[in-house]
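Q: One-letter residues, chain by chain:
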Amino acid sequence: MGMTATETRSTEPQIGRRRFLAWLSGLGIAGSAALGSLATFFFIRPRTTYGQPNRFKIGRPDEFPSGSRIAIDPKRVCIVREGNKVAAISTTCTHLGCIIAPSATGFQCPCHGSRFDVDGNVTGGPAPKALAWYAVTLTPSGELEVDKDNEIQTGTYLSV
Amino acid sequence: MSKEQNSIGKSVVDLPANVTRSIFRNPLPSSDRGRAATSFTNFFLHVQPVRVSRQALRPSYTMGLGLISFFLFVILTVTGVLLMFYYVPSTTQAYDRMLDLRSSVVFGVILRNMHRWAAHGMVACVFLHMCRVFFTGSYKPPREFNWVIGVCLFGLTLLSSFTGYLLPWDQLAFWAITVGTSIAGYAPLVGKAIKFILLGDATVGQEALLRFYVLHVVVLPLVLTIFVAVHFWRIRKDGGLAKPETEAAPKRVPVQVEIQEDAVPIAASGSVAVAAPVRKFTIQGLVRGPLIKVGKLEEDTVFSWPNLLIAELVVLLLTIAGVMLVSFFFNAPLEQPVNVMHPPNPAKAPWYFLGLQEQVSYSAFWGGIGVPGIEVLLLLLLPYIDRGKEGVGRWFARQRIFANSIFLFFVLVNIYLIVIGTFFRGANWQFVSPF
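For the record, the sequence lines run as chains A and B. Following our numbering from start to finish, the first sequence increments by one per residue and tops out at 160. Following our numbering from start to finish, the second sequence increments by one per residue and tops out at 435.
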């Protein structure tokens with residue numbers, strides 16, 4: 001009599017426990033799969049790249065005469081010098097990544113016809129945003145260094 | 001002693017027959033019943049149904065497009081594996097290896113041509129196959145999910161072709177991938193990360209070449225194969241190719257009446273399948289419920305062996321012949337080696353992405369991500385949006401004129417954009433006339 005009552009009571013939580021454990025196992029497997037995917041994601045996202053460094057020296061300030069706009073295609077920057085002010089403007093088109101070239105009115109992209117003014121603002125074509133300006137610093141050795149990981153505001157020059 | 005010798009001697013004498021029997025469960029059948037039994041027990045044949053509807057065999061109904069796509073994939077796998085013996089995924093060697101294919105590898109040119117043209121052909125055929133399935137209303141229940149798998153297969157085909165495009169490491173390859181991956185970079189939030197992971201670097205270089213190579217020769221073909229297998233499996237499980245209503249619920253005739261008895265002895269394992277086909281079907285019928293059509297023969301069907309097998313063989317031969325013919329007369333393009341400093345003007349993506357590039361020239365986000373994203377989403381959801389049951393299994397059914405018109409509109413717009421992007425865009429993406 002008493003046994004039956006105990007059994008009835010104990011049956012219910014047993015099913016609950018089974019289901020709980022099943023859910024827990026399922027959660028564990030799903031969690032492991034998620035963590036595995038995350039690990040794979042971190043694995044295939046490179047921590048170091050083998051291409052060009054994003055920080056590089058470009059030479060002494062006097063190699064860039066005042067009023068010059070010298071594009072360094074391999075580095076994909078254009079060095080602009082006005083008086084004693086120096087800046088580095090990206091020459092990677094913000095549209096689809098083609099190399100743009102300095103033109104009489106600013107910059108021109110050969111791929112889809114985007115045009116930019118001398119400060120890199122879009123004046124025509126499909127480019128969605130202005131060209132990036134990169135931080136330029138003067139190293140202790142007296143050389144200019146461009147840091148492409150450090151985008152700065154348009155119109156920010158370094159005085160040399 | 002002599003008994004043993006006898007048994008050894010007998011083993012030797014029977015060896016060829018025993019080996020043959022261990023490989024082929026049934027002797028070469030000479031009757032419909034035997035062929036049906038063999039279809040059932042042979043790995044390669046059991047992929048096919050034992051019987052197939054006449055409609056599915058009509059060239060004017062399917063145009064064989066799905067099959068052609070599959071055979072092109074087989075050709076691509078074979079030629080691709082052969083090309084791998086000579087290719088090196090290195091920025092300093094890849095282009096030289098392309099030249100070697102021309103100058104010093106026996107049949108190098110024809111293999112590369114076949115691989116290239118079959119790849120373009122596969123993109124086109126998969127797309128046309130999708131159009132066929134749409135215009136015949138073949139994505140209707142119970143085939144909704146197979147349509148979704150088909151859309152995924154189309155995407156995988158494009159990705160496979162796109163990743164292969166970079167491998168020759170010539171100007172065409174480099175700039176097409178530069179332009180193509182920039183489009184990926186436009187996706188909100190994740191675009192930059194996807195592009196970086198895809199290229200393994202900020203720009204297209206050695207890392208990108210290696211990554212595209214691994215994707216092209218291992219990852220994508222593997223995933224594609226799995227999807228193809230599921231796609232084929234579901235065709236069978238969803239009751240074969242879509243048929244019009246009247247043919248979908250035909251008069252049913254018991255198996256025994258249609259299958260001829262034959263005197264051909266059937267091997268032990270085969271006889272299990274033959275002796276009790278009805279019972280086997282019934283078990284399956286119980287699992288599947290009333291939807292199941294096997295176990296009874298539909299009136300308008302014929303035996304797959306030989307009817308379907310011959311049709312498939314003809315399509316295979318025509319596909320191989322077509323690819324080889326094109327490859328004899330047209331060489332796969334190979335431009336100058338990569339020069340990162342000098343983008344060709346205009347720099348164009350592969351032709352199947354030129355519609356996309358044309359759209360991008362109007363609006364980077366909407367052309368590259370927004371509109372294509374909506375199009376793909378619509379394609380995936382299509383069978384769940386269009387729930388009408390009418391006009392299945394017929395080309396351009398009147399009841400489907402609305403759905404067909406919308407789809408045709410999308411198809412024509414995309415073809416138009418591709419034609420404009422391919423033939424009417426010159427330097428700086430200015431409009432030029434090719435005439």
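Worth flagging that the hints you see were computed from the coordinates, not collected in a lab. A hint or two may mislead.
[What the hints assert, rightly or not] Have a look at the derived ranges for each label pair, beta carbon to beta carbon:
#1 P333/B to F42/A: 49 to 59 Å
#2 A39/A to S103/B: 41 to 51 Å
#3 V411/B to E63/A: 50 to 60 Å
#4 R387/B to G124/A: 46 to 56 Å
#5 T154/A to I194/B: 43 to 53 Å
#6 E63/A to V340/B: 43 to 53 Å
#7 G142/A to V106/B: 56 to 66 Å
Note that CB positions come from ideal geometry on N, CA and C, so glycine has one too.
Q: Per the hint of 43 to 53 Å, is the separation of the Cβ atoms of E63/A and V340/B within bounds?
A: 23 Å, violated
Q: Using the beta carbons of T154/A and I194/B, state whether their distance is inside 43 to 53 Å or not.
A: Between T154/A and I194/B, where Cβ atoms are some 27 Å apart, the hint is violated.
Q: Can you tell me whether the CB distance of G142/A to V106/B sits inside 56 to 66 Å?
A: 60 Å, holds
Q: For the hint 50 to 60 Å, verify it against the beta carbon of V411/B and that of E63/A.
A: At roughly 57 Å between Cβ atoms, E63/A and V411/B fall inside 50 to 60 Å, so the hint holds.
Q: With 46 to 56 Å as the target window, see if R387/B and G124/A comply at their CB atoms.
A: 47 Å, holds
Q: Between A39/A and S103/B, does the C-beta distance stay in 41 to 51 Å?
A: For A39/A and S103/B the Cβ distance comes to about 45 Å; the hint holds.
Q: Range hint 49 to 59 Å: satisfied by the CB atoms of P333/B and F42/A?
A: 38 Å, violated
Going down the numbered hints, you'll see the structure goes against 1, 5 and 6, while the others check out.
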